[in-house]
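A.B. asks: Residue-level listing of the chains:
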Amino acid sequence: MNDRIVFEDVSKVYGEILGVNRVNLSIPPGITSLVGPNGSGKTTLMNLMTGLVRPTRGRIQVLDCRIDDPEDLFKVVGYSTQFDAFPKGLTGYQFIYSFLRLAGREADSAKRLAWRAIERVNLMDAAKRNMAGYSKGMRQRIRLAQALAHDPKVLVLDEPLNGLDPLARSEMIALFRATAAEGCYVIISSHILHEVDVISDQVILLSNGYVVAEGKIQNVRSEIQEHPTQILIRCDRPRELAAKMLEYEQTIEVAIHKDERGLLLKTRDADRLYLTLNEMALNGIDIESIAPADDDVLSVYEYLIGSEEVVR
Amino acid sequence: MKSLWWAQVKAVIRLEMRKTFFARRGLWIYVVALLPVLLFIALAVVSSNHRAKMASMAGREERPLTYQDMQAIKPDMTKEEVIAILGKPPIVFHWTDHRPGPDPSGPAEEVARESYRYSDGQNDLILGLANGKVDSINIHEGLDVGQDSVVFAGVFQFFFLRLAVFFGCLGIFMNLFRGEILDRSLHFYFLAPVRREVVMAGKFLAGVLATCTIFATSVVLQTIAFLWHFTPAAREIYLYHNHGLEHAAIYLGVTVLACVGYGAFFLVAGMLFRNPILPAAAILIWEGINPFLPAVLRHFSVIYYLKSLCPVDIPTPPGTPALFALLVSNSDPVSAPIAILGILVVALIALYVSSLQVRRMEINYSTE
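Protein sequence lines correspond, in order, to chains A and B. Residues 1 to 312 (the working numbering) are what the first sequence spells out, left to right. Residues 1001 to 1368 (the working numbering) are what the second sequence spells out, left to right.
Quick caveat, the hints were computed from the structure, so don't treat them as lab data. Be a bit skeptical, because a hint or two may be false.
Coverage of chain B stretches by chain A, computed from C-beta distances (three or more under 8 Å per stretch; other residues unrestricted) [to be verified]: (1) 1002-1008; (2) 1013-1022; (3) 1338-1352.
Straight-line alpha carbon distances no greater than 20 Å define the calculated SDA-like cross-link-like pairs of lysine to any residue that follow [as the list claims (entries may be wrong)]: (4) Lys88(A) with His1243(B); (5) Lys1002(B) with Asp72(A); (6) Lys88(A) with Gly1101(B); (7) Lys88(A) with Phe1273(B); (8) Lys1010(B) with Asp108(A); (9) Lys1088(B) with Glu1114(B); (10) Lys1074(B) with His1140(B); (11) Lys111(A) with Ser135(A); (12) Lys153(A) with Arg268(A); (13) Lys1088(B) with Pro1064(B); (14) Lys1088(B) with Thr1066(B); (15) Lys75(A) with Arg1196(B); (16) Lys136(A) with Ser1185(B); (17) Lys1074(B) with Val1134(B); (18) Lys1002(B) with Asp69(A); (19) Lys88(A) with Phe1022(B); (20) Lys1133(B) with Gly1101(B); (21) Lys216(A) with Lys75(A); (22) Lys1002(B) with Ala107(A); (23) Lys88(A) with His1140(B).
Given the structure is predicted, the values throughout are model-derived calculations rather than measurements. Virtual Cβ for every residue (Gly too), placed ideally from N, Cα, C.
Just chain A, same shape as in the assembly (with noise of 0.2 Å):
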């Protein structure tokens, strides 16, 4: 029984052009977000994942499915895909109860999951209307309600906050927190990296067709030795403070913050700082908190690729 998605040196070549190459990846519950910018090939690893289209080389498997038997696998993966056109002259209702008789659920257990999934996305005012006049974010939507009716284990979605307004976007986040609490495998592509940071249990950072890094973000984060990690330490003598942790060895570099409540401290060894700080704390500076200021996505994608294509 494998309770992994699990891709083996899977590469993908379009004619010439390279859509993923050699990647290896063992994808476990939870919210996993794919980061990259435009044409880092997370799109081509979603497509690859649900059988859309079919390795160069290399092997893919999706818990004890094969992604060749779309009758198997797709009874345990939802996929909202980028593509935005529908089967025509259908409306939103229609559509996801199609798909749901297309699954081979009968007339009555379609209408049902079919209302239930147009709920979780809350569309039901315009489930009657035909899909042709949809905006972006109902289509969006729609497209989520189908990839959710048949309560698939692995939800697969591509952009999928895109188009929405914020109020639907925190109604998604909180949907996919939800599914994710279940134990299902919510993957997400997204090139919006603060959203990424907010829902995701781990990430897969791609660059070029390539994974450069992945795992939850902090353990990505700690990975990165090159990089001096950035603290951020709130106390009442910030001044006084930053002065004393000068005299110390592993402090690379010290700041003021801008509000004068806290100073941004460089360090390579995190560990030893902390328990610096714990004396500081002892010898009568009020320290307030202490907490990483680099790690998140953001960070650790300008560390690794130094890409300024990702949106913040």
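Start from chain A and add chain B according to the hints.
C.D. replies: Just chain B, lined up with the frame of chain A:
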């Protein structure tokens, strides 16, 4: 599992039928299917008018004539002899003609010409008289179901099967996959827990249902229009005593088989080729040159089997160009069971290739 597949096939058919029947880009298929109906309606209108004119002419004659009366007229009979047999003509034209005299340098000779027209209500007799003697006899035979059934067979084989059904199937079956790739909506099917072969089977059956409905309706309407202008008695004789009903049923069956055969061809062509014009032209040429091919190659064609099933042979009168005669004739027909089996085997081969192709298909709209 098989009941699940059947349920999925029905789900695909339901989705496809909506698109196939009501697609705006498929309107031309209805027009093509209705063209022969319009042709037979026009023929019926013209024939009815002609019959009304002849009936009116027959009503103005001194006495009712029979076909034998009209055949009794021989060349060189005098005007008086003609009138003695047929009575005074209801329509007469007189004019004077000039022709060279025995001496070419002398004056031209005057000829008093007349044209008499008679009718027995169905057939038309036109007599030409020169100086009071019959010099030409033309009997225009009127409406005859037997002759019109040959016209029907010609229209069916050369327009309906080879063009209307051919291009109609092209329009519908080529678009089953290719159209959705161009619309970027094919992934809808490929994201469902359904075997791709089941999707293909559902799409094919939807295409067969749609084309059979459109073209079988056309055949029924053509038959009605073709028989419309005959008398009830003539219709009854044709339908119940001269194999008319049997022929109509065979034409319907041939239409269904044509939809299955061409449909399977175009389904696989739509998967293999991006541009439908090239395979369509290739298949059209292949079907067109079928009579000129060696016997072995002739079997790999739909029209070869369809021609063998058609109930009425189209006669080739003496003097018909050899190429045209070869095109019209069916020199090497096969029996009906073999013809039906042949089309089904050709279709199954095409469907097998389609099933292999659909399993390999990738969704990569950007390259289309």
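A.B. asks: So which hints don't hold here, by number, going up?
C.D. replies: 3, 4, 6, 7, 11, 12, 21 and 23
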